[in-house]
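Q: Protein chains in written order, with our numbering: chain C, 6 to 373; chain S, 3 to 101; chain D, -17 to 1011.
Take these hints with a grain of salt, some might be off.
Simulated restraints on C-beta separations [said to hold, decoys possible]:
id, chain 1, residue 1, chain 2, residue 2, range
1, D, F819, C, K81, 34 to 40 angstroms
2, C, D111, D, F819, 18 to 24 angstroms
3, D, L835, C, K25, 58 to 64 angstroms
4, S, T6, C, R356, 43 to 49 angstroms
5, C, D111, D, T163, 53 to 59 angstroms
6, S, G50, C, K254, 31 to 37 angstroms
7, C, I21, S, A94, 42 to 48 angstroms
Below, simulated EDC-like cross-link-like pairs (lysine to aspartate or glutamate); rule was C-alpha separation at most 16 angstroms, straight line [as the list claims (entries may be wrong)]:
id, chain 1, residue 1, chain 2, residue 2
8, D, K909, C, E103
9, D, K507, D, D657
10, D, K1009, C, E30
Residues from chain S that keep clear of chain C, each with C-beta distances beyond 10 angstroms, as calculated [as the list claims (entries may be wrong)]:
id, residue
11, K7
12, D29
13, D40
14, Y53
15, R60
16, G73
17, L75
18, K76
19, L90
20, I96
21, L97
22, T98
23, E100
Since the hints were derived computationally from the structure, they do not count as laboratory data. Ideal placement from N, C-alpha and C gives every residue a C-beta, glycine not left out.
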Amino acid sequence: MSMISVKHLCKAYPNITPLKDINCEIERGEVISIIGPSGTGKSTLLRCINCLEHPTKGEIYVDGQNILAAGVDLNKVRQKMGMVFQQFNLFAHLMIIENVMLGATDLLGKTRQEAYDHGMELLESVGMAEKAFAYPDELSGGQKQRVAIARTLSMNPEIILFDEPTSALDPTMVGEVVSVIRSLKEKGMTMMIVTHEMKFARDISTRIFYMDQGLIYEDGTPEQIFGNPQKERTRIFIKQLKPYHADIKSQKFDFLGINSEIAQFMHKNLVPEHFRDASQRLFEELFMQCVLPHLPATFSAALDLGWSDRNLLLEFALRYDGPAYNPLTDTNNDELALLLVRKTAPELKHRYENGMNYLEVTLKTETK
Amino acid sequence: MKITKTQAGQTITYVVSGRLDTVTAPDLGKEIDAVTPDIKELVLDFDGLEYISSAGIRTVLTAQKKMNKQGVLKLRHVCPAVLDVFELTGFADILTIEK
Amino acid sequence: MKITCLTGRMPATRAYFVHQLLLGLLVIVTTGLLFGCSGPQEKKFTSLQDLNKPGVTIGVSQGSASEMESHKVFNKSHLQMFIVDVDGYEALRSKKVDAVAYDRDIMEIAVRNMPEMMILPQNYGTYKIGIGINKKNTELLQKVNAQLDKLEADGILPEMKERWLGKKDQQLPAGVAKDDTSLPVITIGTSGLVPPWTFMFNNKLTGYDIELSWRLATALGKRPEFKIMNYDSLVAALETGKVDMVLANLNETPERLQKIAFSKPYCTSYAAVMIRKSEWAGADAKTTAAGGTNAKAADNSDLAYKSIAEANGKTMAVVTGMLLDRHTEQYLPKSPYNYYNTYTDCLTALKTGKVEGFLCDEPVAREMQRTNPEIGYLKEAVMPDQLGIGISKSRPDLKQVLDAGIKKYKEDGTLKKLDQIWFGSDDSLKVMPAAKTGSKGTVICAVAAENPPLAYIANGKLVGYEASLVTDILQDAGYTVVLQPMDFNAVIPSVASGKAQVLFGAVSITEERKQSLLFSESDYKSGLVLVVRKAAAGTAAAAGATSPQDQLTYKTVAALNGKPVAVLTGTIFEAVTKKVLPKSTYSQYNTYADCIEALKSGKIEGFFDDEPVARNMTSKDTELGYIHAPVVKVQYGVGISKDRPEIKAALDAGLKRYKQDGTLKKLDQIWFGSDEKAKQMPATKTGSKGTIRCAVAAESEPMVYVRNGKIVGYETALVTQILQDAGYTVELQNMNFDAAIPSVVAHKSDLMFGAVSITEERKQSLLFSEPTYDGGVVAVVRKTVQPAADSSFMAGLKESFHRNFLVEDRYKMVLAGLKTTIFITICAAILGTVLGFGVCMLRRSEQKFLSTLAKIFVKVMQGTPLVVFLMIMYYIVFGKLSINPMYVAIIAFAINMAAYTSEMMRTGIDAVDKGQLEAAYAMGFSKVQTFIKIVTPQALKHILPVYTGEFISMMKMTSVVGYIAIQDLTKMSDIIRSRTYEAFFPLIVTALIYLVVAWSLTSILVYLEYKIDPKKRQRTLKGVQLKQS
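In isolation and in its complexed conformation, chain C is listed as follows (with noise of 0.2 angstroms):
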């Protein structure tokens, strides 16, 4: 039986729904990350497992029991998860220790000095035994953090949910909180991190949750989310992109509105100049003139700009549906179209997959 089982979950507000459908199955020893762009519920995720949020709709089990049934002990299920937040919210009038000391002391009834010998070993695990006698706010972030997740440790919990644990560090205090969480993972804990470090969540997960739309929109090992992601949207993110969607259905689509949408997107991005009208001109060039006469009055067609400013370069990538069809070999093509195209886009490829024709090309930063 899985540790946790999510089925069906709903979150709504009435503005916005961060979650709409959430399924999913954790089991012990696992190390989940959970990645995606702001706002698509992550966090909302983590806490609906732990009640801090109400769902709206659907069901959690743990350990088999609906913990949204009425009657339940919420404390009592609570007790078996820890929480680490972004935020560290360590409690101000409480010297470390006494943080440490008193989860142990006051719900699950240990001695004091039961407590504070457990306590005293998880901060020295943590490295923070030194400052025990210290008060948080004389504490940097990074230790803050480290002294959470003793405090959490100190509960024996199942399972620790982390909440963006590193959001809030200097990136020179991000180390030491990365190093803790990996030590958990050697010790067994069973783990789900929302997190923006990429490279921490590929190293230690057994298990990638990438959200977007308000679902679990791929799901599957680092391998397969970082190396081979299956959905466009993960593989801009996984990129680290920044995506721009146009889906086209018939041969009387809106061609200026797209070009418009382009320009746009551009403009947001900060695109240098000659991409836009790189862009612009592939789209033109290659769909208008070549594709559009072979496509029948509707198909399925879209465009995807991915924009990563890290890098300075655009991904250019067309799909359409129907039999394969390469336009850049179909000589009854217009020559100057074609020329315009190879001149723009040398590294133009196309491949059929699945049904659905691709013409993808990466462009750089232009070199006279």
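With chain C fixed as given, assemble chains S and D onto it according to the hints.
A: Frame of chain C; chains S and D shown alone:
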């Protein structure tokens, strides 16, 4: 795309601004088709023209062919991006491009 | 831009113009302020009608009958309300109001302590004073009326009037206040602030109305329970049934009759007006008997001596060189007299009791009385006298000039005008004529400049009636006038020697002087009058200087019981002290001087002494007095060695003889009188029968004491005389009292004396002569009032402090009030905090209904003035219930506190970081656990500072509980003020007490804040064995 036509004797000047692409090129094509044979000089003033696609090039080439018979075709105020395209396609040599 | 400036003279820039304008404004404002600060111009009123004008402000007691009448009578003036009458007097004193309108009897008592005030003779209203009774209680009304009739018929009411209104008694007569707890209670509302009707004396309610209340209650078979409240609450209390009757000098008015019923009137009161004496310019009114006057003594009834004959024999003062000694000898032949340099010195001597009177020129006496209300002069002049200006015999021309001038001024009324000015009270009119240089030369005037208002120094200049007159006349005649002030004795020699040409300054024209001087026409018809002290209120005008009893710190010996006292070693006073003051501790002193010093410095509260010694001592020492009633009668005698019976025989024979022929009495008069010169010892004579060694304790003035190195005294003189007459040589040995008896017993001396009481115990070791003096043992105590004429500010402060707090143990009232204040504050705070927590929880509730309810509650309480809320609670909410007002106050304050506290708590709780709450929930803490463990410690840090402020604020607000009949600290200060009519001490001390209490309570809370701050805790865990690092 905006086309402004001025005529001085036997010279017609079209000021073309905006984009000359698949959608807009036919409009210019129509204009050029309507040019009467007595016109000796056709000037295409591209001041404000930002973009030209293959469709636009074709239109210009059609104009060139026509004027070869009755006069001369001149292109003026061509912006660098558009000039690039002409050069890329090798038609820069054929066309009379004035500064 | 060029603008011509205001002067029109030179063109000015705009900046300059503005500058000028500002300067002008500044001048106007400053002048206005200065005028404003100098207070309103002194007005002059000549009649009651004068007070009914716009621009006149009259203080009236809110809710009193005189207030309602004032609205009608003084309809044009501005009326200012005050709640307690002492506030009105204070306002009058500080010139905030021009007059105070109130009941005559009450003001008459007040005015005794305010010599600068007077009560206008005209009354503006008459009222019947009755007992207020609830309209519905017709049965009670009938019974009360029946009782009043009976008391009137039995003569008790008139007798009470005499005691309370006439003699101004202060205590209820014995047997009236029977506290029988078996009787049912009748509640009586009273104000406790208006002597002689209802006031506090020795922390007990007393007064005419109180006595009447007791009598009526007893007659009705009930026991009265008094409720003290503000005057304007009394009627309301009667209407709501909180009290059954009201006796508080309640005037019957039509407005009141609409609300409550009145018994038959038992007294009449008059509405009168009090104003400052300096503003009265009307006909000299007959002022109240005990008040001061600024007019001539209309009659002698308020003087210590009512006629020359009465004063004959008392010690007088005379000014050297003025022939007054001769006059004194002539008109007061029996009086000894002492010499003084100036009238001022005589006045001081009179005021301090060193002399009983002095003859004086009438104008000087007249002026003196104006500025010293405690003295007066007999209206019949002892002899007529004329004052004139003395002129050098070599200058008859000056005499002509002066005579002509005086004649002219008499005729044209200038003299009269000068008289009015210089003998009047408007100091601003008393200016000398401007100095003019004349052509005829300089006239130097020798002036006896210690005779106000004839010639005296004011603000460094020589001014006066005569000074003004002479300067005017001489300057008009063309002379330059130079005035030289000097002693009286110097003026005549000055003119005689030619240094001056003219002299004046209360100089009488006498035949003798005419031999060496010329005199002008008389410039003032004067007379010689006798100046004496006024009879102090409450005491008989007694001969000699006895201690007015109500000036003593303890008025009865019983009052001394429990206080530390002193005892002179070896005297019988130890036994007396043990017997009479069993609760007192006593310290032993060797000498009287030590006892006196200890008493003055406050180490002890009193000591016993022989009456003659006490009498003599306290007549000289103004700080001490003695309680007249002796605790035990004692006879003094001479203690004689048992083996010298012949000495006893000689003494006894001598004493018997002296008693019969009056020598004893004469000796008594001499030695107990104040004429030091008369106190002479008999000349030393050697006798044939041998020497008698007398051990004397020479510290008992006037019995035996040392003067100028010699042992003198009543007993000394007596014994010496007798023994010398019997043929012995007398040798006096001075020693301590407790050494004297042993000395005799050891045969070192033959006899001993010195205010030695004859006791059985002593008779065992000594023989005693017949008594030399019948005395008694009295207690010497400090006086409360220093009658010094010019007490310094500090002395005045000390006196004021004494009067306000120590007299009648008034400080006990203050302590009681303080206890009440603290009790209410603490109970209300605890209850309020608990309630506040409840309201806070409601406010944070998720149920909209509950949280809205809480919000409304808070808004309403924050918007209602606490006083109003308090009265709503008392009169409306708890109106029907007879609940102790203290509990009502606690509840009301608690509710108010709850509203503010709940908001504080809400803010403090909200201030705690939500993230920590989530962390706690995520760990598995319930909401309640989280609130207690995480929220509360952190919220407290935010709440405590504001809470402290709110707590203090509430404590100060408790000062309004006087409105609902609770005597708290503030009310007590009101009550004290109603007795002493002073504002400074009661108010300042009350404020200081509030400050100190607030400060100490704050300290507790600050300490709590400190303790809660986690950072202040020790960085260690308790109850846990720590790891070694």
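Q: For each hint, tell me whether it holds in the structure or not.
A: Now the hints, each set against the structure:
1. F819/D with K81/C: 34 to 40 angstroms: Cβ of F819/D to Cβ of K81/C: about 29 angstroms, so the range 34 to 40 angstroms is violated.
2. D111/C with F819/D: 18 to 24 angstroms: The hint (18 to 24 angstroms, Cβ to Cβ) holds, given that D111/C and F819/D are roughly 23 angstroms apart.
3. L835/D with K25/C: 58 to 64 angstroms: For K25/C against L835/D, whose Cβ atoms are near 40 angstroms apart, the range 58 to 64 angstroms is violated.
4. T6/S with R356/C: 43 to 49 angstroms: holds (46 angstroms)
5. D111/C with T163/D: 53 to 59 angstroms: holds (58 angstroms)
6. G50/S with K254/C: 31 to 37 angstroms: holds (34 angstroms)
7. I21/C with A94/S: 42 to 48 angstroms: The hint (42 to 48 angstroms, Cβ to Cβ) is violated, given that I21/C and A94/S are roughly 54 angstroms apart.
8. K909/D with E103/C: violated (20 angstroms)
9. K507/D with D657/D: violated (34 angstroms)
10. K1009/D with E30/C: Since the Cα atoms of K1009/D and E30/C sit roughly 43 angstroms apart, the hinted pair is violated (cutoff 16 angstroms).
11. K7: For K7/S, whose nearest Cβ neighbour in chain C is about 24 angstroms away, the distance exceeds 10 angstroms, so it holds.
12. D29: Consistent with the label, D29/S stays out of reach of chain C, its closest Cβ about 14 angstroms off (over 10 angstroms).
13. D40: holds (31 angstroms)
14. Y53: violated (7 angstroms)
15. R60: At roughly 7 angstroms from the nearest Cβ of chain C, R60/S sits no farther out than 10 angstroms, so the non-interface label is violated.
16. G73: Since the minimum Cβ distance to chain C is about 25 angstroms, G73/S lies beyond 10 angstroms and the statement holds.
17. L75: For L75/S, whose nearest Cβ neighbour in chain C is about 18 angstroms away, the distance exceeds 10 angstroms, so it holds.
18. K76: Holds: least Cβ distance 21 angstroms, greater than 10 angstroms.
19. L90: violated (5 angstroms)
20. I96: holds (13 angstroms)
21. L97: holds (14 angstroms)
22. T98: It holds; T98/S is separated from chain C by about 19 angstroms at its closest Cβ, greater than 10 angstroms.
23. E100: Given that every Cβ of chain C is farther than 10 angstroms from that of E100/S, nearest at about 23 angstroms, it holds.
Comparing the model with each earlier hint shows violations of hints 1, 3, 7, 8, 9, 10, 14, 15, 19; every other hint is respected.
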